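**Student:** Here are the chains, one letter per residue:
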Amino acid sequence: MDKQTEQLNGKIALVTGGTKGIGKAIANKLSSAGATVIVTARKPSEEKSEHHFIAADLTNSDDIVKLTRQLSNEFGTPDILINNVGGTSSPAGGFQMLSDEDWNKDIELNLLASIRLDKAIIPQMLEKKSGAVIHISSLNGKIPLYQSNFSYGVMKSALNAYSKTLANEVAKNGIRVNTVSPGMVRTTAMETFLKGFAESIGKTVEEAAQQIMDGLGGVPLNRLAEPEEIANMVAFLVSDDAGYITGANMLVDGGTYPAV
Amino acid sequence: MEKLENELTGKIALVTGGTKGIGKAIADRLLEAGANVIVIARNHPGDENLKHHFISADLTISSETDKLVKEISEKFGTIDILVNNMGGSNSPSGGFAVLSDEDWERDLQLNLQSSVRIDRAILPQMVAKKSGVIVHISSITGALPVYESLGAYAVAKGALNNYSKSLSKEFTPQGIRVAAVSPGMVRTDTMDNYLQSLSDTMGITVEQATQNLMSSLGGVPMGRMALPEEIAELVGFLVSPRASYITGVNYIIDGGANPSV
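Residue numbers (my numbering), protein chains in the order written: chain A, 1 to 260; chain B, 1 to 261.
Wrong hints could be hidden among the right ones.
Partner residues aside, some chain B positions facing chain A, computed with beta carbon under 8 Å [unchecked claim]:
| id | residue |
| --- | --- |
| 1 | 76 |
| 2 | 191 |
| 3 | 242 |
| 4 | 255 |
No lab work stands behind these hints, which were simulated from the structure alone. In this text, all values refer to a predicted model and were calculated from it rather than measured experimentally. Note that CB positions come from ideal geometry on N, CA and C, so glycine has one too.
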């Protein structure tokens, strides 16, 4: 067997939320493995990027129709679909702080955006009888935190169940569907958050990071992940090397999840 | 991205039960990535062109382990990668009542205690270097028990999963990653022989026997068994620098067979 860098040569990959953070690291990794990479986001990155870009708000179904049409016209059927978009701007403070609007926003961004895009792309994969779909979930889906990220964690858990169910349905048609659940990742958004949190508690950024890791019950590896470490797992999963892996939820969390 | 073919260059890897089946595929995969590979098994595979260093030992005999690890260290140096692959079962089918004390003891020795002992012998070297990767090859049955057969084996694998997680909590802060891999059904030579015997005794084709066996797990969404090389790819990934943030996990590689989220 020939182990080469270009193991995704000729593949077309779509990465949602691919202009920053984990999504950007995934786009870069798939591209360096030889794939043609198209990234979506609401706005293009201000930095120069080697990837194709399509503007789309995935919480808007019209945008998904446009995105799918532009993809077909310009690139063809994606072989690889990375549902990376997600996040939350809901307030911290527990259950009572969350309004219907907060819940709806988190549901849209973390669950329905992926479901709509899968619905648009997977029929094309079914015709080709091949494809790899990834849902970027979160450790929060398995370790609920009520103080903050309450509704976000609930949605990631729903995404895990959705991803497994979808995997069961399309496995016989040659399509693999998997979930990746990162722990804490040192993205620029995380760094901004840590800086703000550090200032608010009058501590250093490192102390603030330690406090959050302790709040998760401790991180055995005792550091945050780099976005590239999540991207490595995604690149492995969408490659033929992972040909027998479907319906899995791969934790990449430095050992944070406490249970067997 | 670095060239994968060189990503384990200079590493010393030990694979237990590495002369056939999944273990052989793992040994081959690590060698291909540039590692210096030592395999342990009771019997030499008889392959004169073997590119791995072969050491004969029965790891279910506790007195052999320390001697063995000492011999390996003197000859090859510190182990960077330890793949605890040995395991299996000769216990009879037929459920709880047919399993004797000896069956339980043998399955626990082979699937749990042999790993514990070799980990214990090798970990001090890894701790001294503050680096190392340990993989435990478990089984989907550790999370998905099948009582009709493999009752004791599954219990031992369930224990191995718990042990692997526990070990990761203790040693990850010291720079050592520990992970488990739980394969579903794998098309090894042993599996082929088993399917052939099922086919002979039941008067059905090997293909039907394969389908029956997959149905006994509640069905395999992907509709086929794994190849040993597919398990080896996941292990190759886990022991590489690409998996630098991965520890304490139990990765299922089962074509979707595990029914739970």
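**Student:** For each hint given before, does the structure comply? Return the numbers of the non-compliant ones in rising order.
**Tutor:** Structure breaks hints 1, 2.
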